[in-house]
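J.: From first to last, the protein sequence lines stand for chains A and B.
So the first sequence is residues 89 to 298, counted in this note's numbering.
So the second sequence is residues 6 to 109, counted in this note's numbering.
These are computed hints drawn from the structure, not numbers from a lab.
Using N, Cα and C, we set each Cβ at its ideal position, and we do this for glycine too.
Among the hints, erroneous ones may be present.
Facing chain A, from chain B, some residues (calculated, C-beta under 8 Å) [unchecked claim]:
id : residue
1  : A20
2  : F30
3  : R33
4  : K58
5  : T71
6  : I74
7  : H96
8  : A104
9  : S105
Pairs of lysine-lysine, PhoX-like flavour, derived with a Cα cap of 25 Å [to be verified]:
id : chain 1 : residue 1 : chain 2 : residue 2
10 : A       : K216      : B       : K64
11 : A       : K178      : A       : K115
12 : B       : K103      : A       : K225
13 : A       : K253      : B       : K103
14 : A       : K178      : B       : K103
15 : B       : K103      : A       : K115
16 : B       : K64       : A       : K208
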Amino acid sequence: MSASAIIFYIISAFILGAGLLAMTTRKIFRSAIWLLFTLIGVAALYFWLEVEFIAAVQIIVYVGGIVVLIIFSIFLTQQSGSEMPRQPLKRTIASALAVLCGFGLTFLQISKYDFQPSGKSFDWSVSKIGSQMLSTKAGGYALPFEVVSMLLLAAMIGCIVIAMKAPSHASPKGMELEASKKNLAQTFELSNTESQSVLPLGEDLGGAST
Amino acid sequence: MSDVPISHILFVSTALFFIGMYGLFTRRNMITMLMAIELILNSVNINFVVFNKYLYPEKLDGIFFTIFIITIAAAEAAVAIAIIINLYRSHRSIDVEKASEMKG
């Protein structure tokens, strides 16, 4: 067994261990950190496969973008120290069984099929990738490139629209300042006592104006 | 490089896929389900790169598919997190069991 093979087995054990921990730990923040390690392991696997470009993209987009986004959303939506509720044992066992069966069947198929490596060396370069991606001839990827750029634009606009705060209800003009003051004070109170139920803004204003 | 058979690399990607599947089945928190989907997409990417490198080394299509999948995964994660934050604002929870208004 050569050094390259040993490195491959170390990397794959790292990926699978970190992935398993990410999916089984019950603290959500730890889960995100294990996911981070899994993605770094996958990037290491790309380095081992000598496709450094994909490894770089993996690190930039996944590790630098998606995991940071996930960690931010964890901070925004829940107490990261608390544990998630335990799932019923029946569901855990059933899903573990289903997953093991699926894995067994798939891997049986893979191990039966005789893959014939062509033996040639894989010659990619960033300039080759770039010129084929923007080529409009046969085998060029100009159209998918444009479609993906439209998709990114649509996703960006969609995110802004979805996450935008709903406009507050109109209120009488004279009451507005006082109501907003009262509202602000109430919000502070709520955040201080960490109350669970926050009234919608409209009801709040209605209560203040009467 | 050549002393690791292809099926061992495919073993890793298959196992990663089914680990993600297990997470998708057992978790009920939206953010962790999103993480499971990211794992599944990663295992697919490994497959594309490995098949491209070992079986068709004169082509680049696997690399392109990997790049596009990474792009779409980023867009999908952004939209999903926008939806999660919006849901949290209205429900004070991101448990999928509690968001059941549209259930028939």
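J.: For which of the previously enumerated hints does the structure constitute a violation, in increasing order of number?
T.: 6, 7, 8, 9 and 12
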